[in-house]
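Read top to bottom, the protein sequences are chains C and Y. So for the first sequence, the working numbering puts the first residue at 51; every next one is plus one. So for the second sequence, the working numbering puts the first residue at 6; every next one is plus one.
I should point out that these hints are in silico values taken from the structure, not numbers from a laboratory. Some hints here could point you the wrong way.
Pulled from the structure, derived: some chain Y residues nowhere near chain C, Cβ distances all over 10 Å [stated by the list, open to error]:
{"#": "1", "residue": "ILE22"}
{"#": "2", "residue": "ASP56"}
{"#": "3", "residue": "ASN79"}
{"#": "4", "residue": "ARG90"}
{"#": "5", "residue": "SER133"}
{"#": "6", "residue": "THR135"}
{"#": "7", "residue": "GLU176"}
{"#": "8", "residue": "VAL192"}
{"#": "9", "residue": "SER203"}
{"#": "10", "residue": "ASP206"}
{"#": "11", "residue": "ALA260"}
Where chain C lies over chain Y, by a calculated footprint (3+ residues, C-beta under 8 Å) [what the hints assert, rightly or not]:
{"#": "12", "segment": "123-132"}
{"#": "13", "segment": "154-165"}
{"#": "14", "segment": "216-229"}
Quick partial rundown of chain Y residues pointing at chain C, CB under 8 Å, derived from the structure [as the list claims (entries may be wrong)]:
{"#": "15", "residue": "ILE23"}
{"#": "16", "residue": "TYR33"}
{"#": "17", "residue": "ASP209"}
Bear in mind that the values here come from a model prediction, so they are computed numbers and not experimental data. Yeah, the Cβ is synthetic: ideal placement off N, Cα and C, and Gly gets one too.
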Amino acid sequence: MIVTPKIVVRLVLIGILGVLLQLTFFSQVAVFHTTPDLLPALVVCLGLLGGSLTGAVSGFAIGFLLDCLLIETLGGGSLVLLTVGYLAGLFRERFEIHTSLVPPLLCMVLTLFAELGFGAVELMLGLDGSVSPLVIRQMLIQSAFAFVLGWPIYLGVKRALRPALVEEPVRPPRRPRRPTVLGA
Amino acid sequence: MYRKQVRRRRAVLALLIIGSFALLTITYSRGSNGIQRGVSTIFSPIQSAGDRALKPARDLVNWFDETFDAKGENSKLHTELESARKEAVGAQAALSENRQMRKLLELDESGAIPSGYDPVTGRVIARSPTVWFSDVTLDAGSGDGVHVNDPVVNGDGLVGTVNAVTPNSSEVTLIADHSSAVSAKVVPKGVQGVVRPSVGDPGDMILDFIDSTKKVHAGLAVVTAGWKAQEVASNFPPNIPIGEITEAGIVEQEAQQQVHLRPYADLANLDLVQVLTGGSR
């Protein structure tokens with residue numbers, strides 16, 4: 051991705067919009083008793099389109115804004131989301147995205163990873179209460195939401211960052227060769 | 006060239022990780038800081054406007070979810086209604102007895118909240134997205150008279166306590182958060198204990214450290230104990246409803262000194278709440 055000041059502004063706006071949408075809408079709706087978590091999926095998409103550095107920086111910034119607005123201990127959200135963004139970017143740099151299923155699948159896996167990460171941060175800071183087994187169910191449902199939301203988020207972010215994206219050359223489809231009739 | 010890029014990328018990553026740990030170390034258990042207050046001041050009006058604008062869409066999604074649940078709950082509620090009818094007769098007698106006792110003790114019959122508290126109404130404008138934290142942000146802050154440790158209630162019962170405040174907003178740690186512990190008592194038995202959450206399941210809480218010699222059973226109400234000892238007092242006023250005991254196995258009571266309860270307040274769907282400012286502070 052070619053990062054220009056205009057693209058940085060777009061990235062900042064995407065981050066702010068994502069965090070505000072999460073806090074004012076997604077966090078306050080319950081589907082199957084679980085609130086969808088949009089932010090790991092958004093960071094995954096930024097990492098997939100921008101690479102590991104963009105993913106990590108976006109994850110850090112989004113996590114920081116989230117912690118600020120929720121008046122939580124700063125750094126926890128940043129640490130988890132920067133890891134998610136970096137891993138997504140690393141995936142894009144190491145492997146080729148063959149099918150359209152890759153972004154939602156990666157969103158699903160890394161959302162689960164993020165939720166486990168948030169749990170690890172909580173353990174690190176001191177988890178006092180008992181943990182219900184329902185946490186696992188909620189994390190799995192959140193991952194399923196991330197799978198569903200992953201593709202539209204990916205398309206939206208791709209559209210917003212299109213001027214900065216380096217399009218890979220598209221190979222023209224092979225034309226079927228006409229059979230050669232020997233001796234004709 | 007490529008090596009330089011890789012080195013730069015690694016340096017930025019290391020810097021971000023160190024930054025995250027530094028932030029965690031500096032801001033851990035310090036409440037709100039200058040940065041958070043600044044960011045919150047800027048974003049609170051936008052959050053508030055977004056919250057109001059998106060309310061119809063949220064209500065629609067929640068309506069679908071509730072309709073889905075209602076189908077399953079219908080038959081369960083029919084059974085509960087039958088037993089509730091039987092209990093209602095007994096409750097009427099108990100209510101009459103209760104009224105007489107209240108008159109005798111000259112207690113304020115108006116409600117659970119004692120005088121001296123000044124309720125400030127606030128709307129939930131944000132909620133923590135992960136399953137690990139149970140925090141909500143209100144659109145009322147120190148400018149409205151809200152202070153740290155003020156109890157928060159809604160029409161159903163206790164919701165939580167204020168954890169941090171900024172001029173325009175405040176963070177409320179719900180009673181379902183892992184860091185929450187509320188001293189409570191079972192009425193009418195008077196058995197005291199500490200209400201603690203079961204992380205990830207806001208519909209189930211634990212009344213811990215109860216006196217195992219006094220037996221309690223499902224259906225009894227749990228309210229705040231509101232203790233006071235010399236200069237130290239509980240943050241919660243007494244007799245605010247918390248929940249109803251759902252599971253009280255004899256083995257669990259004797260071995261672990263705990264019973265399970267369901268909070269009266271629907272902690273997953275909070276909208277308008279009241280912060281009880283003033284009080285014993």
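Since ARG90(Y) was said not to touch the interface, does its Cβ keep a gap of more than 10 Å from each Cβ of chain C? holds, 29 Å
Distal placement of VAL192(Y) relative to chain C, Cβ over 10 Å: holds, 24 Å
Compute the least Cβ-Cβ separation between ASP206(Y) and chain C, then decide whether it is above 10 Å. Its Cβ does come within 10 Å of chain C, the nearest being 4 Å, so this is violated.
Non-interface label on SER203(Y), tested against every C-beta of chain C at 10 Å: Given that some Cβ of chain C is not farther than 10 Å from that of SER203(Y), nearest at about 4 Å, it is violated.
Under the criterion of a CB-CB separation shorter than 8 Å, is ASP209(Y) in contact with chain C as hinted? holds, 7 Å
Please verify that the nearest CB of chain C lies beyond 10 Å from SER133(Y)'s CB. violated, 6 Å
Three-residue Cβ test at 8 Å for the coverage of the segment 216-229 of chain Y by chain C: Violated, because only 0 residues of the segment 216-229 of chain Y bring their Cβ atoms closer than 8 Å to Cβ atoms of chain C.
Would you assess whether ILE22(Y), listed as outside the interface, keeps its beta-carbon beyond 10 Å of every beta-carbon in chain C? For ILE22(Y), whose nearest Cβ neighbour in chain C is about 7 Å away, the distance does not exceed 10 Å, so it is violated.
Least C-beta distance from THR135(Y) to chain C larger than 10 Å: Not fine: 4 Å to the nearest Cβ puts THR135(Y) too close to chain C.
Does GLU176(Y) sit more than 10 Å from chain C, CB to CB? Given a closest Cβ separation of 4 Å, the condition is violated.
State whether the coverage of the segment 154-165 of chain Y by chain C holds or is violated, taking the criterion as 3 or more residues with Cβ-Cβ distances under 8 Å. violated (count 0)
Does the claim that ASP56(Y) lies off the interface hold, with its Cβ farther than 10 Å from every Cβ of chain C? The claim is violated: ASP56(Y) sits with its nearest Cβ about 5 Å from chain C, within 10 Å.
The structure fails hints 1, 2, 5, 6, 7, 9, 10, 13, 14, 15 (numbered hints given earlier, in ascending order).
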